[in-house]
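Novice: Here are the chains, one letter per residue:
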Amino acid sequence: MKFRLSYFVIISSILLFAYFYSQNSIVTSSVVFTAIPFALPLALAAMVGVMCERTGIVNIGIEGTMLVSAFTAFFLGAILKNITAGLFIGIMTGVLVGLLLSVMTITWKMDQIIAGVIINIMAAGITSFLYRQNFRIPSTFAPIDLPILGDIPVVGPIISDHGPITYLGIIFIFGLWVALYKTPWGLRSRSVGEHPSSADTAGVSVVRLRYLNVTIAGAVGGLAGSYLALEAVGIFERGFTAGKGFTALAIMIFGRWNPLGAFAAALFFGLSQAVTNQLMIDEVVQIPQQFVTMLPYILTILILAISAGKVRPPAAEGIPYEKEKV
Amino acid sequence: MAIMQRVKLQSLSIPLLSLLIAFVVGSILIAMQGSNPLLAYQVLFTKAFGSVEGFATTLAKATPLILSGLAVAICLRAGLFNIGAQGQLISGALASAWAGYSFVGLPFLIHIPLALLFGAFFGSLVALVAGLLKAYRGVHEVITTIMLNSIVIALADYLASTPFKEPDQPITRTPKIEESARIPDIFGLPLGFFIAIAISLAFWWLMRKTTTGFRIETIGRNRSAGWYAGISVKRVIISSMLLGGATAGVAGAVETLSITGRFEPAFNAGLGFDGITVALLARANPLGVIPAAILIGGMRGAASTMQFRAGVAPEIVDLVLALILFFVTAPILLRLLKRKEEGISLSSGWSN
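Top to bottom, those sequences are chains G and R.
Position one of the first sequence corresponds to residue 1 (our numbering), numbered consecutively onward.
Position one of the second sequence corresponds to residue 1 (our numbering), numbered consecutively onward.
Chain G with its partners taken away, still in its complex shape:
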């Protein structure tokens, strides 16, 4: 059933694409091309959620992680005049936030929702306090012209000419899927998220694995934030992430906590935004700007309303692990 559904989605998207491509190849390519930068930060942020929740930690602080990382990546990139250093610092910031969340949720056993909300509020507070105007990064990451792949007709122009973080991110998403389903680490992680006491009995250290995964997830959140600041936009503003971290949670749920499912959901989101933008540019529809702004938020609620209840989250999610006392 699950397989047939995903095949159906893939085949129908290919047919739809082929139809629009035959109608107007240039616009169709450019719409799909611009869907990728819309989708990527959402997809990466959703990976943060997947990694945390698969081991049983609800992470609602993705938004804050991205915001602080974008902040440090941008400002240190600007001060050091080196965006690669900025990227590194952004990722390290994400690691620190991941560690903070781990301490709060795993060691202190705080309520995970409150811990995440606090991360978001602290991130907004710190970044707006330290924010300064008139900083510039030397450049954004330049797009890469993919060899061989870029020369494929039709698909080539869509997948080529994106920035390095985009490719790094996409590789990571596929890598995460492999790691989660095909490696011992993945099996252990998933078992800790489903039934931690069994995993513990089998010799897996629940606490250590949760720490590890939440921290790595933090690094991915840092990557997503750095992507926004250093590759996609090239600036930083207060409240810069605009709810992407929350939309990502909906994407994660829609994608059934599966990296590839979430990636597909993120592409759908990106595509819906790219199509709306194109319709606005062509003046096919006259929508007030505010309604365009609302679109991802409304989609998020709709998707959750449709899919929540039908999908099953990891069983041990949200519950601090207490070792049984003999």
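Keep in mind that the hints were calculated from the coordinates and are not lab data.
All figures in this text were calculated on a predicted structure; none of them were measured in a lab.
Ideal placement from N, C-alpha and C gives every residue a C-beta, glycine not left out.
Label-pair restraints from in silico Cβ distances: (1) R:T162 with G:S6: 40 to 48 Å; (2) R:A198 with G:I171: 55 to 63 Å; (3) R:Y136 with G:A242: 23 to 31 Å; (4) G:S205 with R:I28: 34 to 42 Å; (5) G:L260 with R:V25: 40 to 48 Å; (6) G:V311 with R:T162: 33 to 41 Å; (7) G:A315 with R:K165: 45 to 53 Å; (8) G:R208 with R:A198: 47 to 55 Å; (9) G:V275 with R:A229: 48 to 56 Å; (10) R:I171 with G:R312: 47 to 55 Å; (11) G:W185 with R:Y136: 33 to 41 Å; (12) G:V311 with R:K165: 37 to 45 Å; (13) R:R137 with G:P184: 35 to 43 Å.
Put chain R on the given structure of chain G with help from the hints.
Specialist: Below, chain R without anything else, positioned relative to chain G:
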């Protein structure tokens, strides 16, 4: 199992200690920026609490925060985390502004309550969406209320810039409300402050003395136990979201009718989010919300003076509030005080 364990007034030492630590950390940050933290705090507190006029301003600033704090607190009691006070507040502010300028010729005794009612209704309407989704679809209220915040902010911006816009003005804002809708001042204090106090008392009474309050409390402490006892979980979820939304809507309405006099998108920024801090600092106690809101209102009201006199960016208040929130909720203080842990717990997973 969404359990809200023991949120007691007696644990006063933790909020106080949290405040202290947050201010110490804040002072380090101020010092790092090259300003004098002692001077900054001195200015902050003398401005906010040192004079009669200053204190009146503080109370005026505290008024919407008492209400938005209650909006979060009542939902916390039911085991729901209402992050959407901001959106509900904006919805209420816009609706009451509309009622304030659209009805002409009403006596103030009818006009003011009517405008407040508009605020309460449209505030609760926003919360209802989250409540229904939580009760019937199991969608976590934190995500829906945050998404609703963004939706309401964009929608209000659209309404204030197009259909409800003040004619012949370049600014995005509604016309001024009628004089008959303006909430008057009493003894130099806005009447709204007393309305807020009255609503706090009403909530305290509701939670302490009524079966509705008992139901909310029971569901908040242990959802399955409440369910076994025959309490309708769905009804409690929806009704507490409605109550919270209505209170946040009144917060926006009071602010509009007594302070701003019209709706302008930037006017209400942050009032709802501060409600989260107020509610958690007060440990979700309806009466504890009052001092918490006065403290935070005072800091907000005096922030610009502090910037002017001590050269500290007013955003330090945001940061100090975030730190307060962190220390209030993090159990390190509890450990230090060697007390039995009594955390607030709201969650497990997305579909409970």
